[in-house]
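In the order they appear, the protein sequences are chains A and B. The numbering used here puts the first sequence at residues 298 to 442. The numbering used here puts the second sequence at residues -11 to 42.
Since the hints were made in silico from the structure, they are not lab data. Ideal Cβ placement from N, Cα and C applies to all residues, glycine included. Certain hints may be false.
The calculated lysine-lysine pairs, modelled on DSSO-like cross-linking and capped at a C-alpha distance of 30 Å, are [what the hints assert, rightly or not]:
no., chain 1, residue 1, chain 2, residue 2
1, A, 384, B, 16
2, B, -3, B, 16
3, A, 388, B, 7
4, A, 376, A, 441
5, A, 441, B, -3
6, A, 388, A, 375
7, A, 384, A, 441
8, B, -3, A, 408
9, A, 375, B, 16
10, B, 7, B, -3
11, B, 7, A, 376
12, A, 408, A, 388
13, B, -3, A, 384
14, A, 376, B, 16
Here are the in silico distance ranges between beta carbons for each label pair [said to hold, decoys possible]:
no., chain 1, residue 1, chain 2, residue 2, range
15, A, 440, B, 41, 17 to 27 Å
16, B, 8, A, 398, 38 to 48 Å
17, A, 365, B, -7, 15 to 25 Å
18, B, 42, A, 438, 15 to 25 Å
19, B, -9, A, 404, 37 to 47 Å
20, A, 433, B, -9, 36 to 46 Å
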Amino acid sequence: MRVYRAREEYVPSAKFTTWLFGSRQPGAKFGAGQPISANGNLTDAPVTADTEDGDEKTMDVAEKHPNIEQRLIEETRKKMIRHAIEKLPEKQRAAVLLHKYQELDYGEISKILECSESALKSLLFRAYETLRVELAPLVARQAKQ
Amino acid sequence: MSCSRMESKILGYVDGRLKESERLEMEKHVSTCAACRVRVNEFRTVNVLLDELR
Chain A
298 MRVYRAREEY
308 VPSAKFTTWL
318 FGSRQPGAKF
328 GAGQPISANG
338 NLTDAPVTAD
348 TEDGDEKTMD
358 VAEKHPNIEQ
368 RLIEETRKKM
378 IRHAIEKLPE
388 KQRAAVLLHK
398 YQELDYGEIS
408 KILECSESAL
418 KSLLFRAYET
428 LRVELAPLVA
438 RQAKQ
Chain B
-11 MSCSRMESKI
-1 LGYVDGRLKE
9 SERLEMEKHV
19 STCAACRVRV
29 NEFRTVNVLL
39 DELR
């Protein structure tokens, strides 16, 4: 919702992922406690309610729904990672999938891909280099954590 | 170990598949080479990101 509402801030010349994961820290402008009005919109002022003793109490409605935003970010991250793998040249992609997800050793992968072990290591190195560049916004964000 | 030789070892180092002697050799190189240290950290991060699809 926050990302959707902030869409007008996005400048097309900037990389979307940099905008989404970089400057748009959760709560940077739209604080985590920013309330949502009864109609589901974010409001600029805190939602308040009168208690029985007449005191005003702030209700952080948005705090009850952090998972929606987190889930959206997580889904977007996974989509980026999947897309980066899919974009790899066929042989590099196969090497990554067999190495990382099938957990085969270099000998087994070399046989499947019909290449030497040293060629395989070079293939995997190039694949990781490409992934490092493709996933740079996520790599930088992860490194800060 | 040279930086170019490290290319063939870095992935094994990152995911713990190196022999003990190779791992020690890598650690020695990484402790003195800032560029390779950065690369190791970046590859580690890529590895963590790939884990998210498991």
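Structure-based check of each hint:
{"no.": "1", "hint": "A:384 with B:16", "verdict": "violated (35 Å)"}
{"no.": "2", "hint": "B:-3 with B:16", "verdict": "holds (13 Å)"}
{"no.": "3", "hint": "A:388 with B:7", "verdict": "holds (26 Å)"}
{"no.": "4", "hint": "A:376 with A:441", "verdict": "holds (21 Å)"}
{"no.": "5", "hint": "A:441 with B:-3", "verdict": "holds (25 Å)"}
{"no.": "6", "hint": "A:388 with A:375", "verdict": "holds (22 Å)"}
{"no.": "7", "hint": "A:384 with A:441", "verdict": "holds (26 Å)"}
{"no.": "8", "hint": "B:-3 with A:408", "verdict": "holds (19 Å)"}
{"no.": "9", "hint": "A:375 with B:16", "verdict": "violated (35 Å)"}
{"no.": "10", "hint": "B:7 with B:-3", "verdict": "holds (10 Å)"}
{"no.": "11", "hint": "B:7 with A:376", "verdict": "violated (34 Å)"}
{"no.": "12", "hint": "A:408 with A:388", "verdict": "holds (13 Å)"}
{"no.": "13", "hint": "B:-3 with A:384", "verdict": "holds (24 Å)"}
{"no.": "14", "hint": "A:376 with B:16", "verdict": "violated (37 Å)"}
{"no.": "15", "hint": "A:440 with B:41: 17 to 27 Å", "verdict": "holds (19 Å)"}
{"no.": "16", "hint": "B:8 with A:398: 38 to 48 Å", "verdict": "violated (26 Å)"}
{"no.": "17", "hint": "A:365 with B:-7: 15 to 25 Å", "verdict": "violated (48 Å)"}
{"no.": "18", "hint": "B:42 with A:438: 15 to 25 Å", "verdict": "holds (20 Å)"}
{"no.": "19", "hint": "B:-9 with A:404: 37 to 47 Å", "verdict": "violated (26 Å)"}
{"no.": "20", "hint": "A:433 with B:-9: 36 to 46 Å", "verdict": "violated (21 Å)"}
Figure legend: structure checked against the earlier numbered hints; hints not met, in rising order: 1, 9, 11, 14, 16, 17, 19 and 20.
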